[in-house]
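So the sequences go chain by chain: A and B.
The first sequence begins at 475 in this note's numbering and counts up one residue at a time.
The second sequence begins at 177 in this note's numbering and counts up one residue at a time.
One or more hints might be untrue.
[What the hints assert, rightly or not] Subject to a maximum C-alpha distance of 20 Å in a straight line, what follows is the list of computed DMTMM-like cross-link-like pairs (lysine to aspartate or glutamate): (1) A:598 / B:201; (2) A:542 / B:377; (3) A:485 / B:377.
Since the hints were derived computationally from the structure, they do not count as laboratory data.
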Amino acid sequence: MITAGIDCGAKNTKTVILKDGKIIGKGIVLTGFDQSEAVKASLEMALKDAGVSFKDLKHVGGTGSGSKSIRVADVNVNDIKAMTMAAHYFFPTARTVADVGAEEGRAAKCDEKGNVVDFAINEKCAAGAGAFIEAMGRALETPLTEMGPLALSSDKAIAMNAQCTIFAESEVVGLIHAKTLKKDISKSIHDAMASRIVSMIRRIGVNPDIVMIGGVAYNPGFVAALQRELGVEKIFIPDNPEYGTAVGAAVVAATNGQ
Amino acid sequence: MAEEKKPEYWRWLETNWVDPDKKWEDAQIITAGIDVGSVSSQALVMVDGEIYAYSNMRTGSDSPNSARNALKFALEKTTLPEDKIQYCIGTGYGRVNVPMADRSVTEIACHARGANFIYGPQVRTVLDVGGQDIKAIRCDDKGKVTNFLMNDKCAAGTGRGMEVFADLLSVPIGDVGDRSLQVDQEPAPVSSTCVVYAKSEATGLLRKGLDTNQVLAAYCSAMADRIYSLLERVGIEPEFAVTGGMAKNRGVINRLKKKMGIEPMKTEWDTQLAGAVGAALFGFALTKKGKGR
Numbered sequence: 475m476i477t478a479g480i481d482c483g484a485k486n487t488k489t490v491i492l493k494d495g496k497i498i499g500k501g502i503v504l505t506g507f508d509q510s511e512a513v514k515a516s517l518e519m520a521l522k523d524a525g526v527s528f529k530d531l532k533h534v535g536g537t538g539s540g541s542k543s544i545r546v547a548d549v550n551v552n553d554i555k556a557m558t559m560a561a562h563y564f565f566p567t568a569r570t571v572a573d574v575g576a577e578e579g580r581a582a583k584c585d586e587k588g589n590v591v592d593f594a595i596n597e598k599c600a601a602g603a604g605a606f607i608e609a610m611g612r613a614l615e616t617p618l619t620e621m622g623p624l625a626l627s628s629d630k631a632i633a634m635n636a637q638c639t640i641f642a643e644s645e646v647v648g649l650i651h652a653k654t655l656k657k658d659i660s661k662s663i664h665d666a667m668a669s670r671i672v673s674m675i676r677r678i679g680v681n682p683d684i685v686m687i688g689g690v691a692y693n694p695g696f697v698a699a700l701q702r703e704l705g706v707e708k709i710f711i712p713d714n715p716e717y718g719t720a721v722g723a724a725v726v727a728a729t730n731g732q
Numbered sequence: 177m178a179e180e181k182k183p184e185y186w187r188w189l190e191t192n193w194v195d196p197d198k199k200w201e202d203a204q205i206i207t208a209g210i211d212v213g214s215v216s217s218q219a220l221v222m223v224d225g226e227i228y229a230y231s232n233m234r235t236g237s238d239s240p241n242s243a244r245n246a247l248k249f250a251l252e253k254t255t256l257p258e259d260k261i262q263y264c265i266g267t268g269y270g271r272v273n274v275p276m277a278d279r280s281v282t283e284i285a286c287h288a289r290g291a292n293f294i295y296g297p298q299v300r301t302v303l304d305v306g307g308q309d310i311k312a313i314r315c316d317d318k319g320k321v322t323n324f325l326m327n328d329k330c331a332a333g334t335g336r337g338m339e340v341f342a343d344l345l346s347v348p349i350g351d352v353g354d355r356s357l358q359v360d361q362e363p364a365p366v367s368s369t370c371v372v373y374a375k376s377e378a379t380g381l382l383r384k385g386l387d388t389n390q391v392l393a394a395y396c397s398a399m400a401d402r403i404y405s406l407l408e409r410v411g412i413e414p415e416f417a418v419t420g421g422m423a424k425n426r427g428v429i430n431r432l433k434k435k436m437g438i439e440p441m442k443t444e445w446d447t448q449l450a451g452a453v454g455a456a457l458f459g460f461a462l463t464k465k466g467k468g469r
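When you get a sec, could you build the whole thing from the sequences and use the hints?
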């Protein structure tokens with residue numbers, strides 16, 4: 475059976491094609507302002523990548539903050555369910571999942587089947603989402619992709635007082651004026667954001683194994699900070715973590731069809 | 177080639193003032209209050225418990241310098257030498273970094289005391305909307321704080337949030353309020369709490385065809401909502417007064433007034449001075465009691 479999972483997120487729209495439990499195609503485009511257009515484009519990209527056509531799809535699962543725009547979806551997949559099912563798909567030993575995207579941070583606890591037991595979510599405040607590091611990167615005049623490696627090169631612990639992204643920007647500017655090294659500021663930024671995600675994970679409990687998905691998982695500085703704050707040895711991250719919830723949606727769509 | 181500089185829409189006018197009818201030479205007690213806020217700093221000099229001179233400036237990256245500059249600017253139009261000031265109190269976010277201060281007092285106490293002075297002793301609820309925080313303060317007829325609530329964690333509802341919007345929409349900060357009132361129909365308030373997300377939402381609204389004034393209206397309305405919920409929690413008792421920079425934004429204050437059903441008190445004084453006024457008054461009271469320097 476072939477299914478598709480589409481995750482229409484705040485920044486990117488992702489599609490995954492799943493054939494008998496194996497990922498055979500992927501597509502990603504910027505969501506922009508026209509969500510429906512982004513859904514169409516990412517689906518076409520994934521179908522082409524998989525070498526199948528739309529009519530081969532048995533079911534289409536839709537999820538994400540723009541899931542209403544996924545009109546082709548016949549299975550509506552809850553965001554939390556999509557993330558735990560994705561974690562379970564990649565790592566069956568997963569019990570805690572963190573999903574950190576551009577504008578949302580989520581933590582969920584799941585059982586051995588990938589079912590949701592508990593969850594916490596932040597979609598109100600940019601301080602616990604990828605947007606935070608992006609904004610700080612602008613203040614530091616450092617490209618987003620360099621922020622994490624920069625943080626890794628520092629061993630200083632400078633506390634960030636501000637929680638709010640807007641206030642933290644001023645604080646970063648203040649640190650630059652005080653001649654603080656860029657790498658130390660970058661580490662401080664990652665530590666601050668990791669502590670937001672950790673406080674969310676603590677609310678539902680820290681149960682190994684811990685899996686992280688979402689685009690922010692690409693940031694090695696953030697993952698290291700998260701590991702440090704949680705006091706764990708390893709955080710499991712799948713290849714292409716940004717496709718996480720799309721994979722989950724495709725998995726749910728497949729089980730729904732049986 | 178020189179880089180073209182983007183106009184700074186958030187920037188407001190820095191001012192200083194002196195009362196030409198007062199003579200410091202005749203005064204018994206001269207005190208100063210310096211309020212170093214997160215965004216603006218005020219220095220105010222009182223002669224025998226009355227406002228003599230003040231300045232209102234933007235806070236720099238260095239608190240001690242901001243305090244020094246503010247005091248220098250306040251004294252600029254006077255002949256008063258700095259060493260004639262008998263007692264100086266620092267307040268605000270940077271109050272521990274006011275080098276010339278004899279002591280510091282929290283901005284909550286100073287704003288209540290200052291509002292009591294500039295608005296009159298009838299004031300019972302003071303709302304201070306500053307650069308990086310909102311305070312809802314309840315006080316008695318002496319301007320003594322009886323209860324308060326504040327938000328200093330999040331830019332939503334603060335002056336800084338409004339600055340971000342002024343910049344985004346290229347509208348000078350002083351025009352934001354009035355332009356937000358130039359709409360035929362009140363739009364739905366911006367739904368995102370976080371300023372970062374509200375910015376994206378605003379861009380979306382412009383794309384949907386709303387004009388700049390309508391987007392400003394939607395944001396001012398959201399801000400009034402945010403402020404109102406804090407006031408509601410502390411409990412509103414008339415008379416009601418607003419201090420801080422946001423008091424100058426009619427777009428927010430008019431909408432807040434409608435929600436509350438209470439007319440805010442009026443003053444001739446610059447509402448941003450309240451903290452410095454309170455600080456200078458505390459210094460005056462101490463010196464009068466012989467508890468000065």
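Hint numbers the structure violates, sorted upward?
1
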